[in-house]
Structures are given as structure tokens and as C-alpha cells.
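Peer 1: Here is how the chains run, residue by residue.
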Amino acid sequence: MRIIVPLFLLSAYCTTACAALGGAPTDFGTKDSGRQVRVLAASKAGSNYSINESTLSSGTVVREYVASSGIVFAVSWTGPIMPDLQAVLGKHVDALNTEAAKKSRAGNSQVSVNRPDVVIYSGGHMRAYEGRAWVTSELPTGFTADDIQ
Amino acid sequence: MRFFASRTHFHHPLKRISRTHALTASRLARSLAAAACLALTACGGGGGGSTATTPTTPVAVNNTVPMMVDSGPAAASGVINQPYVSVTICAPGTTTCQTIDHVLVDTGSYGLRIIAPGLLDPSISLPAVQTSAGAAVGECVKFTSGYTWGSVKLADVKLGGEVASRLPINIVGDTSATFATTPSACSSGASNLGTVAKLGANGILGIGVFKEDCGNNCASSPASGQYYACTGTTCSSTSLPLVQQVSNPVAAFPQDNNGVILVLPSVPAGGLNSVAGSLIFGIGTQANNAFASETVYATNNVGNFTTTYKGKVLGSSYLDSGSNGYYFPDSTIALCSNSTGFYCPAGALSLSAVNTAADGKTSSTVSFNVENVDSLAAAVSAASVGGTASSNTFDWGLPFFFGRRVFVAIENAGTPKGTGPYWAY
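Chains as they are written, first to last, in this note's numbering: chain A, 1031 to 1179; chain B, 30 to 454.
The reader is advised that the hints may include incorrect statements.
Derived CB-CB ranges, DEER-like [unchecked claim]: (1) A:Leu1070 - B:Asn317: 50 to 58 Å; (2) B:Asp403 - A:Lys1074: 32 to 40 Å; (3) A:Asp1124 - B:Ser404: 38 to 46 Å; (4) B:Gly432 - A:Ala1075: 43 to 51 Å; (5) B:Val383 - A:Arg1145: 26 to 34 Å; (6) A:Ser1077 - B:Ser404: 36 to 44 Å; (7) B:Asn317 - A:Lys1074: 50 to 58 Å; (8) A:Ser1077 - B:Lys339: 23 to 31 Å.
Far from chain B, by Cβ distances over 10 Å, these chain A residues were calculated [stated by the list, open to error]: (9) Asp1057; (10) Val1067; (11) Ala1075; (12) Ile1081; (13) Val1096; (14) Ser1099; (15) Val1123.
Derived by calculation from the structure, the hints in this document are not laboratory data. C-beta atoms are modelled at their ideal positions from N, C-alpha and C, and glycine is treated no differently.
Isolated chain A, as found in the complex (with noise of 0.2 Å):
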């Protein structure tokens, strides 16, 4: 009975917004209820997209980089307490996950994923935590990394 119950939860959640990075922006609605979000338009080099900013109640701020296509090519979050990597990064989450078991010196100040298809930082420390990531092949013509913010 206890894996039923957080399965079914795991499920409800994914038919609202099972996506964030690479997909959908993520509703933190469904766990965060205390979250307040802002939509703002954006543009670079002639290429329309839009930030949908959420301030989750432990106070840090996930953004999501949403392109006209509705996918979220890009993520940032900055704030206290980390966000729930599996609602932010979504599939690329495993990406990260992976990277960090193979480290070979122990050490989990700062966690890097550098490949061809999703670049993910994850640093900071206790009280001030941030992070970014991106999916290389779906960001929109004339923005970089830098963008992110």
C-alpha cells in the first residue's frame, strides 16, 4: 500500500505537466502551493520566446524558458532552499543524477552535465543555491547560455 499511494501521485502529477526541461513548463501548483508565477516576453536576435518565473515557498525562483513551439529550452533557479530537480529538469534529471554517482572523488559542492544534448549546473550552498540547464538543440536562433539568467 505504501508504493501504491506515491504512484498514484507520481501519475496524477504527470497528467497535468510531466515535462518541464525539454517539454511543457511545469505546473509546481501540483506540490508547491504556496508558489506565485509571472509570465514575461521576451526576445533575442529576432527569435520570440517567453519566461514563465515561479516563486516557490521556499522563496527560490525557478525559471523557465519557453519557446513559441511551448517547449522549455532552458531552466534556471536561484534561491534558499533547492527546487525538486524532477519537476524542474524532468527526463534530464537522470542526466544529472548519473553524472553525480560517477564521481570518483567524493564531493558534492558543485555538479556538472556537459553533453551533446543537455548542459546542467547545479551549485551554490546552504541558504543560496542556483542552477541552470539547457537543451542544446532546441534553443531558439541567437540565444546562448548567457541569456539564461
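Got chain A sorted already, so can you dock chain B onto it with the hints?
Peer 2: Structure of chain B alone, referenced to chain A:
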């Protein structure tokens, strides 16, 4: 050659101190307590405050503990650049104590965390921190790559002659049924770091610039993924008053409580197999913790200052003894094939960056070297190595502390050079 010259000097005092099972009748615990009582003029916490009739010169408490950089606890492997001390925890007000070796000294966190499974002596009964409704308090800590989950309990925490009484500490991996199930908001998308092997340490001694691990952010309303109220086997997110939060032991000492100084010798090219230094409590409170030529660098309200590296302003930069290298963004340096996330330049790099205080009042250039991690001898546990970081961060990890005295002043604490939070070096 460098190895031989250094190796001969090093002992491993921490390695010899395995867990001390100081149970109910332990002579060791009693003698420790007796020593503390001799040193503390007000030992007993209010029991006999009226006995002093003539002013006496206060006897300075032993405010120093040995700090080692070595290969870590037996269950860890591949450890590099992790500084350790031994910490004694006692059931509050008793001499039932346990000394735990290889606790990571971490200026990037706040509060004491001990790994419970296989390590914590269950006969030391630590009282649970409870919510106003009587629920046991659980804590999730989400680090950059994983989480820890456990309980919050009260302990007397002893470091040298210093004692933090009835301090909330985090028992990671608490084996009781109440904490058997990790809340999904804690574990989602992350791996469990709450083991000796994963941490490369038996615990974490968070002695950074803040008092509580969460602070006001968790005191006013529940913050998702931090404190939990646990009843039976069910835990739900809760707020927690500041005084009940897991807290920096140093701020709770009766004296020498305004910060710490980390002292480590320099480490030559090629690294060392072990390094011996010290962790000193207090700033400007005793003869051994006065300022010399160090400069103060104020941090902002989250513990960061600014580093400028190769013309890029990195606004979320910090000193972190719990980081095992210099972590900074530089796409021109080759990454390692073996050590994920580390830099592996063909030859050692001599680099520099400028640190600027958060209040802009002080600024200076820091020169540093980055060696190829994969080329180091396997036994090396201290070396100047580095790795990648996000585009806004310079994480000055343990190599920065080699050959320096680094002062860490706690928020709102008065010191001879102003009020914390700040670093000085």
C-alpha cells in the same frame, strides 16, 4: 621529492580516535566533563552563580581543535580536500557521550549533522526536538546533487573546551520508524547523500557565517523540502522557530562564539597525502585568534561576495571549506576524462581572480593554481585542483584555505573588525 619531505612529518591523530563508546560510566566522558568544568568558570549553568566573592582572572577555554585533511573515514574512498575534526556529542546534561571522528568542516553550511546508521551509538539517548503540537521534527536538506533525511535532536556538542548545550542537531538517516519514509518532496529527482560513503565523512560541522541552517525562511511559514512534523510514520512540511532549528554550534558557545578561524599549511605542487591544521573558535577573544594582517570581506545576506575572473563578474561567489576544489566557469580549460566535473589541464595553470566584498569596501587579487586531478598520485588527499561551476559562481573551495588563516564571522556577531557576516584572510 616533495612527497617524501612532507610525508615524514604527518601523523594521523584522527585516525587513531575511532568512536569512543563513552557509555554511562565512561571515565573518558567524565574526565572531559571535568576538564570542561575546570575551564568554564560558570560550569553547571546557573547552579552556583553566587559563589564568586573575589574577581579572578578568567581561565581561557581551550578554543582549538586539530583539523586534518586526509583520506577520510574507512567507508569513504577517493576523498580529496576534505577537512575533518572530531566532535563529541552527549545526551544533554549527562556524561553519556560519543566522540565522532572525521566530521567535515564546512563553511558552506550551518549546523551539525551526524550520519546515524552504523555510526551513532544508540545507547546515547538524545531527546527529540518537537513542534508545539508534540510532533517529532524531521529535516530534509537538499544539496546540489542530492538530499539527506533524518531527525532533529538535542545534544551537548563539545569541541575542544567549548560546549554548545542543548543544541538542535540533525541525525541523518535516523533509524527509528518515524523517519523510515523520506518525504517525496525531499527525495524527488535527487539521490540520497546521507551515507558515509557518499559524503566522505561521518558528519558535517556547518560553521559558516549564519546561525541557523534555514533561518527566517523556515520560521514564518513551511518551506517546501526542509522541516517536517512527524507523527507515527507520517511527516508533513512545517515551519519551525529559529531556536529549534539546526544551528551553528559556535554561535551557541558561552564564549568564543562570534566566529572561527581555519588554519591550514600551504600545499606544494603535486599535493600531499595528509595535512594537519587547526580550527580555532572565536575572533579576537583570546591570544590565539587576534587579527594579524588579514582583510575583512563582508558577505551579502545569503553569504556571498563577488569574484571577477577573466573579466566576468561572478556575483554568487563564496569561500567554502566543504567544497573540494576551486569551482569556476572557464570553458578554455580541459575537463577530466576520469574525474567528472574537474579540470585536467595538461600542465598546472597559474591563474588569478579579484575578490570584492559585498559592501564594495575591500577588494584584492587572489593568485591560485589548478593542477590536473587525474595526474595526482592516488594517495594524495590535499591538492590545488578545480572544476566547473555555473556562470555566476566562483566557489573558493578548500585549496583556497591552504597556507592561510581564514576568519569566518557569524551574522550579527561583534568582532574587533566589525559585525558579521564576513570573511577575512
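Peer 1: Compare the structure with each hint and give your call.
Peer 2: We went through each hint and held it up to the structure:
1. A:Leu1070 - B:Asn317: 50 to 58 Å: 53 Å, holds
2. B:Asp403 - A:Lys1074: 32 to 40 Å: 38 Å, holds
3. A:Asp1124 - B:Ser404: 38 to 46 Å: Hint violated: Cβ distance 31 Å, outside 38 to 46 Å.
4. B:Gly432 - A:Ala1075: 43 to 51 Å: Given about 47 Å between the Cβ atoms, the range holds.
5. B:Val383 - A:Arg1145: 26 to 34 Å: Hint holds: Cβ distance 32 Å, inside 26 to 34 Å.
6. A:Ser1077 - B:Ser404: 36 to 44 Å: 43 Å, holds
7. B:Asn317 - A:Lys1074: 50 to 58 Å: 55 Å, holds
8. A:Ser1077 - B:Lys339: 23 to 31 Å: 28 Å, holds
9. Asp1057: About 15 Å separates Asp1057 (chain A) from the closest Cβ of chain B, which puts it past 10 Å; holds.
10. Val1067: 15 Å, holds
11. Ala1075: 19 Å, holds
12. Ile1081: 17 Å, holds
13. Val1096: 20 Å, holds
14. Ser1099: 24 Å, holds
15. Val1123: 4 Å, violated
Going down the numbered hints, you'll see the structure goes against 3, 15, while the others check out.
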